[in-house]
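Asks: First residue of the sequence shown? That's 907 in our numbering, and the numbers climb one at a time after it.
Please note that the accuracy of each hint is not assured.
Distance condition first, Cα-Cα at most 20 Å in a straight line; then the derived EDC-like pairs of lysine to aspartate or glutamate [as the list claims (entries may be wrong)]: (1) K909 <-> E986; (2) K979 <-> E924; (3) K979 <-> D999; (4) K909 <-> E924.
Calculated from the structure, these hints are not laboratory results.
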Amino acid sequence: MGKIYQHSLCTIAASGAEHSGVGCYYRREAARWPVENYFLTDVNRGPGNDNPVILEAILPNWNIAVENSALAKRGWVLQERMLASRTLFWTEDGLF
907 MGKIYQHSLC TIAASGAEHS GVGCYYRREA ARWPVENYFL TDVNRGPGND NPVILEAILP
967 NWNIAVENSA LAKRGWVLQE RMLASRTLFW TEDGLF
């Protein structure tokens, strides 16, 4: 297996697949974070203070998306993880 991964430019790991018949692509919801209007008030500031409030989306967690994926639970994947120099992990939450 070392010779196979030795010349690999990039390895794509289907981390979100439950079994080998699923592959990388599957249907999912179009938007995880729907766009809505938010009206925020800061009780610690008086009226007239013009300071912006920034809302940040929670990013997917590496440990949940990759390390605890269905693919990571398979024994043969260990050699792929150790031998591949560059890997794209295709998960339900996106690419890592």
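Asks: The structure should be examined with respect to each hint, and the outcome stated for every one.
Replies: Verification of the supplied hints:
This hinted pair checks out: K909 and E986 have alpha carbons roughly 12 Å apart, not beyond 20 Å. Simply put, K979 and E924 have alpha-carbon atoms about 10 Å apart, close enough for the 20 Å limit, and the pair holds. Pair hint K979 plus D999 holds up; C-alpha atoms about 18 Å apart against a cutoff of 20 Å. Pair hint K909 plus E924 does not hold up; C-alpha atoms about 27 Å apart against a cutoff of 20 Å.
Of the numbered hints given earlier, the model fails hint 4 alone.
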